[in-house]
Structures are given as C-alpha cells and as structure tokens.
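Chemist: Note that the protein sequences, when read in sequence, are chains A and B.
First residue of the first sequence? That's 11 in the numbering used here, and the numbers climb one at a time after it.
First residue of the second sequence? That's 11 in the numbering used here, and the numbers climb one at a time after it.
Derived by calculation from the structure, the hints in this document are not laboratory data.
It should be emphasised that the depicted structure is a prediction, and the values quoted were computed from it without experimental measurement.
There could be a bad hint or two in this list.
[Stated by the list, open to error] Per label pair, the in silico range of CB-to-CB distance:
| # | chain 1 | residue 1 | chain 2 | residue 2 | range |
| --- | --- | --- | --- | --- | --- |
| 1 | B | 104 | A | 26 | 13 to 21 Å |
| 2 | B | 189 | A | 126 | 40 to 48 Å |
| 3 | B | 157 | A | 27 | 16 to 24 Å |
| 4 | B | 126 | A | 29 | 53 to 61 Å |
| 5 | A | 46 | B | 124 | 24 to 32 Å |
| 6 | A | 30 | B | 199 | 32 to 40 Å |
| 7 | B | 199 | A | 119 | 35 to 43 Å |
| 8 | A | 136 | B | 47 | 23 to 31 Å |
| 9 | A | 178 | B | 189 | 30 to 38 Å |
| 10 | A | 78 | B | 188 | 57 to 65 Å |
| 11 | B | 157 | A | 60 | 37 to 45 Å |
Backbone N, C-alpha and C define an ideal beta-carbon position, used for all residues, glycine too.
Number of protein chains: 2
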Amino acid sequence: MNYPSKLIEDAVVEITRLPGIGKKSALRIALHLLKQNDNLVQSLADSIVKMKQLSKNCSCCNNITDTEICYICGSNLRNKSILCIVEDTKDVLAIENTGQYNGIYYVLGGVISPVNGIGPSDLNFEKLFLKFPSQDIKEIVLALSPTIDGDTTSYYISKKIKEFGIKITTIARGIQVGSDLEYVDEVTLGRSIHKRIDFESF
Amino acid sequence: MNYPSKLIEDAVVEITRLPGIGKKSALRIALHLLKQNDNLVQSLADSIVKMKQLSKNCSCCNNITDTEICYICGSNLRNKSILCIVEDTKDVLAIENTGQYNGIYYVLGGVISPVNGIGPSDLNFEKLFLKFPSQDIKEIVLALSPTIDGDTTSYYISKKIKEFGIKITTIARGIQVGSDLEYVDEVTLGRSIHKRIDFESF
Numbered sequence: 011m012n013y014p015s016k017l018i019e020d021a022v023v024e025i026t027r028l029p030g031i032g033k034k035s036a037l038r039i040a041l042h043l044l045k046q047n048d049n050l051v052q053s054l055a056d057s058i059v060k061m062k063q064l065s066k067n068c069s070c071c072n073n074i075t076d077t078e079i080c081y082i083c084g085s086n087l088r089n090k091s092i093l094c095i096v097e098d099t100k101d102v103l104a105i106e107n108t109g110q111y112n113g114i115y116y117v118l119g120g121v122i123s124p125v126n127g128i129g130p131s132d133l134n135f136e137k138l139f140l141k142f143p144s145q146d147i148k149e150i151v152l153a154l155s156p157t158i159d160g161d162t163t164s165y166y167i168s169k170k171i172k173e174f175g176i177k178i179t180t181i182a183r184g185i186q187v188g189s190d191l192e193y194v195d196e197v198t199l200g201r202s203i204h205k206r207i208d209f210e211s212f
Numbered sequence: 011m012n013y014p015s016k017l018i019e020d021a022v023v024e025i026t027r028l029p030g031i032g033k034k035s036a037l038r039i040a041l042h043l044l045k046q047n048d049n050l051v052q053s054l055a056d057s058i059v060k061m062k063q064l065s066k067n068c069s070c071c072n073n074i075t076d077t078e079i080c081y082i083c084g085s086n087l088r089n090k091s092i093l094c095i096v097e098d099t100k101d102v103l104a105i106e107n108t109g110q111y112n113g114i115y116y117v118l119g120g121v122i123s124p125v126n127g128i129g130p131s132d133l134n135f136e137k138l139f140l141k142f143p144s145q146d147i148k149e150i151v152l153a154l155s156p157t158i159d160g161d162t163t164s165y166y167i168s169k170k171i172k173e174f175g176i177k178i179t180t181i182a183r184g185i186q187v188g189s190d191l192e193y194v195d196e197v198t199l200g201r202s203i204h205k206r207i208d209f210e211s212f
C-alpha cells in the first residue's frame, strides 16, 4: 500500500498492532487523527501512556487497578465470603456488568493449556491457595470459560481446594437466553436436557 | 459500564473517539495495551503525536505530506499535463493503489454540499483555478464520488474550467468488476445499458 508520508506509514504500523484493527482501519484512524485538533491527539496519546504507566495488579486479587488494592477488594459493601475465580480482568468486568454478583474475585491471568505450554506454575495459583486457611471464604465460584482448557483449570482448582472443605460452585451452563432451540449446538442442548432443573428454580 | 480504574476509563473515552471503534472495542484495546511492553505503548503514542505535529498539506496539491511538496508533485516521473481532482487524501491513495494513473492530483478537501452548508468558497478552488493559465495542463480528470454532492462539484468545476479550453474527463461509471448483474442497482444498470461502450474498447 502507498502512504502519503513515512510519518503516516509509521503511525499506521503502530496502530495496526492493536487488536481487531487491520491496515485499512489503521489508515482511516491515522487520517482521522490528522484532521483533529492537536490537543485531542496529544490527549489520546497521553491517556494511553498514563494508563500503561500507572496501572498495576491488585495485590489482593490481581485485577487491574491504579491503587494498591482494587475498588472491589477495598469495598466494605462486598461479601468477602464468596470468591469468584476468573481468567482475566475482562471477565471481572463482564460479571460486574450483570449486577448479579456481590462477592470478591481472583484473577488467574490465564488458564492451564497443555497445548500452549501453560502449566499450573505459570498462573497465579500460589497466592490463591494461600488465601484459604487464613481468610474466611465459604464459597468458591469457578467462572472460567466452558472450553477444554477452562474445564481443566476448574478441575485442577477444585481438587486443590477440596482439602479446605470449602463449597465449590460453577456458573450454570445451558441454552442462552434469547437463543433459538433449533440452532443450539448438540453438546449444549444435550447437556441442558440431561442436567435439566426444577421449573420452580428456573 | 464498570471500569477497573479511572485511568482505564479515561483511555477508553479517548480511544472511543476514533472512527469505527465503540466502547467494547476501546476497552479491548485498552486491556491489550496494558499487557504490552512499556516501549510499545510509548512508541504508539509518539508515532501518532509526531504524525500529527509534522504532517502538513502539499503547497501544490493539498495532499498530506511531511515535506513542502508531496512525493507525487515532486516526482519527475509523473505526467504533469494530467491533473486528477479528488475529494480527499484517501482517494489519492485509492487511485495510487490501482497503479493505473501516472498524472498529478489536486485534493479539494471536500465537495460542495448545500445540505451541509458547504459552498464553493469553503473548498480549495482558488488555488486550483490559478493553476490553469500558468501551468501546462492538458487534461482534467474529475474523480469525485458518484453522489449528488460529488456530481454538483464536478459540474461546478467543469463550468469554471471550460473557459481555459482544457479537456475534461471523469472516471468511468458502470457495473463493478465481479458484481452479479441481478443485484446491481437499477440506476447503475440502466445507465450502463444506455451508455454502453464498444466491446473492442472494453
């Protein structure tokens, strides 16, 4: 592709590194920025550098934060006897946005994936297991993705936690709200029938 | 939407201002940046600020450049007797990428649009019309979008240029290469039949 100048080409190369942005979108973004006010472009650049420099992981749950302890771990309104284990900060946000959970979280930073060479030692398990004898946790909610890697990780955690005698739950699986039965995949539908629940509890 | 920190929220707000990027994509980009090396984030920020600060319009054709005269106007290999008039730098890039044009360009920076209150005085027409008596231009190619505004602008330019006795052409219109006749819109198809061309010249 031809670029009007080396400067634009450099910017396009940098922008293309962002997820979900190809060369055409990057060029569109670059040309859009050129039309903006100098201050707006500077403030975009400053905001991402500042975010990167000042963000860190919560010392308690590994969630991303700009303070020592994240706003969830630091809140007095949270039920600290329920701990939800998730893969990533994105999953914390997704669950928070439902408004259905009032416990605390623990962010693993990934899942066990033998195919990608990620074993238990590569994840934040130690800090997790250290929590149990000392803290007053009564329930662990496993909220990992329903994939082979997610299930492997859930199984690993559940085995390790069993010795502490803590109740272990996992997010419900089944057909999605609003989906059309006809198009639901066989495994999900089969499991939904096999693991059917009381209509009353639905 | 909940954000892990104010810093991330600020960055998401800035990123959302970019074209084609909604809140979800912006958050995905922000979390992606947090996982990257400090240098990579700094270099993204630097590249966009530098591009914005050092880019200017070519004094000859208004194309975006980082030198006084853009690489097209400054090239000795270009046929300077053909001038292609386009709306935007994006259109210069699109035509350059075809490899089918070896003349020079003139970037208007917009089209006449009565609906949006853009009249001839808001566009770079003066510099364009000053070119004709002095420069050795033999053909003007009107390459504006085939919309009402584009056609209005083409008509305006053609009327103004007529007095200089320069040949005026416009990019060919018709059915798109690879399109299915059945789905071509009626106006285009009707015009393609009405303005049919010799098979030999096809």
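Chemist: If a hint holds in the structure, say so; if it does not, say that too.
Modeler: The hints, checked one at a time:
1. At roughly 18 Å, the beta-carbon separation of residue 104 (chain B) and residue 26 (chain A) lies within the given 13 to 21 Å, and the hint holds.
2. Against the hinted window of 40 to 48 Å, the Cβ-Cβ separation of residue 189 (chain B) and residue 126 (chain A) comes to about 43 Å, which satisfies the hint.
3. The supplied range of 16 to 24 Å is broken by residue 157 (chain B) and residue 27 (chain A), whose beta-carbon atoms lie about 34 Å from each other.
4. In this structure, residue 126 (chain B) and residue 29 (chain A) break the distance hint of 53 to 61 Å, their C-beta atoms being roughly 34 Å apart.
5. Remark: the range hint 24 to 32 Å for residue 46 (chain A) to residue 124 (chain B) is upheld by a beta-carbon distance near 26 Å.
6. Hint check: residue 30 (chain A) to residue 199 (chain B), Cβ distance near 36 Å, so the stated range 32 to 40 Å holds.
7. The beta-carbon spacing between residue 199 (chain B) and residue 119 (chain A), approximately 57 Å, falls outside the hinted interval of 35 to 43 Å.
8. A C-beta distance of roughly 25 Å is found between residue 136 (chain A) and residue 47 (chain B), which places it inside the suggested range of 23 to 31 Å.
9. Against the hinted window of 30 to 38 Å, the Cβ-Cβ separation of residue 178 (chain A) and residue 189 (chain B) comes to about 58 Å, which falls outside the hint.
10. Between residue 78 (chain A) and residue 188 (chain B) the beta carbon distance is about 59 Å. The supplied range of 57 to 65 Å therefore holds.
11. Take residue 157 (chain B) and residue 60 (chain A): their Cβ atoms lie about 42 Å apart, and the range 37 to 45 Å holds.
Hint compliance for this structure: hints 3, 4, 7, 9 are broken, all remaining hints hold.
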